[in-house]
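Kindly generate the complete structure, drawing on both the sequences and the hints.
The sequence shown begins at 1 in my numbering and counts up one residue at a time.
Be aware that a few hints might be false.
[Stated by the list, open to error] In silico lysine-lysine, DSBU-like type, Cα no more than 35 Å apart, as pairs:
| id | residue 1 | residue 2 |
| --- | --- | --- |
| 1 | Lys89 | Lys59 |
| 2 | Lys89 | Lys108 |
| 3 | Lys89 | Lys33 |
| 4 | Lys59 | Lys33 |
| 5 | Lys108 | Lys33 |
| 6 | Lys59 | Lys108 |
These aren't lab readings, by the way, just hints derived from the structure by calculation.
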Amino acid sequence: MSTAHASGTIPTTVDNANLQELEDTVSRLASHKGVQSVMILNRAGDMLVSRQAGPEAAKFAKQLLETASAYLTSLSEDDEISFLQIRSKQHRELMIAPHEGYLLAVLKR
1 MSTAHASGTI PTTVDNANLQ ELEDTVSRLA SHKGVQSVMI LNRAGDMLVS
51 RQAGPEAAKF AKQLLETASA YLTSLSEDDE ISFLQIRSKQ HRELMIAPHE
101 GYLLAVLKR
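See the structure below:
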């Protein structure tokens, strides 16, 4: 899954042009078969852009990433999560991709 924009990266500040870029990325991801929701959060866990996702989903995505990151850091202080994927018995997948200033989360069935 790619979150690349025309510039090649997710912007680090949100202005009107960047917000439109984020909206376009979310719309593109949401159009894929099986995608149920897409969120882009800032590192504080505030939802910047979403499709079919509520505030509870943002809170849980941030908490999952923080918990997994803390565990990984306890194993090796110089390691960090680049992608987190969780699959359920009902074949749902939650994918979280952290970036410098953002978290991209996708729920897919």
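Quick rundown of the hints versus the structure:
1. Lys89 x Lys59: Within the cut-off at roughly 22 Å; holds.
2. Lys89 x Lys108: Measuring from Cα to Cα gives roughly 13 Å; hence the hint holds.
3. Lys89 x Lys33: The given pair, whose Cα atoms are some 19 Å apart, holds under the 35 Å limit.
4. Lys59 x Lys33: At roughly 25 Å apart (the allowed maximum being 35 Å), Lys33 and Lys59 satisfy the hint.
5. Lys108 x Lys33: 8 Å, holds
6. Lys59 x Lys108: This hinted pair holds, its Cα atoms lying about 18 Å apart.
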